[in-house]
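Working from the sequences, and respecting the hints, build out all of it.
In order, the protein sequence lines correspond to chains A and B.
FYI, the numbering for the first sequence is 36 to 192, going by my numbering.
FYI, the numbering for the second sequence is 31 to 223, going by my numbering.
It is worth saying that the hints were derived from the structure and are not from the lab.
A virtual CB, placed ideally from N, CA and C, is assigned to each residue, including glycine.
There are no misleading hints in this set.
Capping the alpha-carbon separation at 27 Å, the derived lysine-lysine pairs in DSS-like fashion look like this: (1) 162(A) <-> 114(B); (2) 118(B) <-> 91(A); (3) 210(B) <-> 170(A); (4) 69(B) <-> 170(A); (5) 99(A) <-> 210(B); (6) 91(A) <-> 210(B); (7) 82(A) <-> 114(B); (8) 69(B) <-> 99(A).
Stretch-level coverage of chain A by chain B, calculated; a stretch enters the list once three of its residues show a Cβ under 8 Å from a Cβ in chain B: (9) 54-62; (10) 156-162.
Just the calculated beta-carbon pair ranges, DEER-fashion: (11) 159(A) <-> 193(B): 23 to 29 Å; (12) 108(B) <-> 186(A): 24 to 30 Å; (13) 160(A) <-> 181(B): 30 to 36 Å; (14) 149(B) <-> 189(A): 36 to 42 Å; (15) 187(A) <-> 141(B): 28 to 34 Å; (16) 56(B) <-> 54(A): 24 to 30 Å; (17) 91(A) <-> 196(B): 16 to 22 Å; (18) 108(B) <-> 159(A): 18 to 24 Å; (19) 54(A) <-> 196(B): 38 to 44 Å.
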Amino acid sequence: MANIRKKGKKEIPEISTASLPDIIFMLLFFFMATTTMKEVTYMVDIKVPEATELQKLEKKSLVKYIYVGQPRRDLQRQFGSETRMQLDDSFGDVSQLEEYISQERSSMKESDQGQMTVSIKADQATKMGIITDIKQALRRAYALKISYAASERLKDY
Amino acid sequence: MAKKVPGINAGSMADISFLLLIFFLVTTSMSVTSGLSRKLPPPLPPGAEQPDVEINKRNVFVVLINSNNQIMAQGQLVHIRDLKQKAKEFILNEFNSPDLPTVTTEEIPLLGKVNVTKDHVISLQNDRGTDYQAYLEVQNELVAAYNELREELAMKKFSTHYEALPEEKQEAIQKVFPQKISEAEPKNYGGNK
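Laid out in structure tokens, this is it:
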């Protein structure tokens, strides 16, 4: 029996790799469609504070960002080194925040408007004064769901 | 004389698309933004004064952070390391101490009769000069206190991690330990704005 089998040993055909590009392209398109590119170009330097009890923000389309920090090094000649707030792609003032939020809200789907979350991405060294102002402005704009952006702390202090 | 056009070799196609794939994997930010979620209180109607809510003094846990990032809890200077423990003691009030919030026994579905300090409030106040990192660390410790209490209760009652519990059980536990961190109305302590 064994002898016969040995004699009849067939050559294993090579696996066709012709469909490999297609598979990879599919993966590629999947990643292109699902991942979002960086939301904006930062005009401020931000190193978010560290924390341990983090929650993930689930729906990206429901999240609006406010960036707070010192203007980037190369922009400091123009804008100074005072802590500033960035909305979308330009510097904004806290007084414009209320209007900005209501504008953003009206551009959202009506069913999502109540679930809008504002993520405050602020630098570690920011003073609370400006954050408090932002919080008050958000309250007036009825954007009550907020999230303080932070990164996971790895080491225990 | 028509020449035979040779077929283009598609063997490297896979490599090219692999390269593209890796490029996208590296450049796109998969990192989901995470942070500490909070809910702000609704705005006061214009012109209205801050209402004086009668809260019994024993039910309030006051945390102050000054511009030197020092923390004062219940009138004492505390280190950030000890804040969580202090907050946990306050929220739980295990031995029904008269200095800590009032304990009431409540019937909560799935859990039965539980001692709850339902009127407690943690009031967090900060100076305009406080560093954001310090402020967030305090917030973090307070949230951690709640999370640990919830986890302990989940382990005790259901012997499962809180995160792994079904939603209705999580809700029941949340009823025992509702997060009550109030970020107080800003006060200007003298200094210029």
